[in-house]
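Chemist: Let's have the full structure, built from the sequences with the hints guiding it.
Count the sequence shown with this note's numbering and you get residues 129 to 209, in order.
No incorrect hints appear here.
Keeping only pairs whose Cα atoms sit at most 30 Å apart, straight-line, the calculated DSS-like set for lysine-lysine is:
hint	residue 1	residue 2
1	LYS180	LYS191
2	LYS165	LYS191
3	LYS165	LYS180
Here are the simulated distance ranges between beta carbons:
hint	residue 1	residue 2	range
4	SER172	HIS146	25 to 31 Å
5	SER147	SER172	26 to 32 Å
6	ASP155	ILE175	18 to 24 Å
7	GLY173	VAL145	25 to 31 Å
Keep in mind that the hints were calculated from the coordinates and are not lab data.
Every residue gets a Cβ at the ideal spot worked out from N, C-alpha and C, and that includes glycine.
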Amino acid sequence: MMERYYTVSQIAQRLSVHSRSRMVSEDAVYGWVRQGKLQVERISGNIRGVGKYPYWIEETQLKVVLADMGYDVDRFFPDNE
Numbered sequence: 129m130m131e132r133y134y135t136v137s138q139i140a141q142r143l144s145v146h147s148r149s150r151m152v153s154e155d156a157v158y159g160w161v162r163q164g165k166l167q168v169e170r171i172s173g174n175i176r177g178v179g180k181y182p183y184w185i186e187e188t189q190l191k192v193v194l195a196d197m198g199y200d201v202d203r204f205f206p207d208n209e
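Modeler: Pasting the structure below:
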């Protein structure tokens, strides 16, 4: 199975939708990148619709980081998508 990737924008949207109590902005997610919490790959310039920051994060690594931060990753990433 191919690994799934999520952009900074997609991560912010998912966290905001599922958290209810707190909005998570692209800036906040990118802050985690700057702090070294998330290991990202730069998206090549010819891909559209990535939002403000042209980076994406591999799903398995993202789940580990979010779980460490106290998020319920099973709600964000149901396996049956």
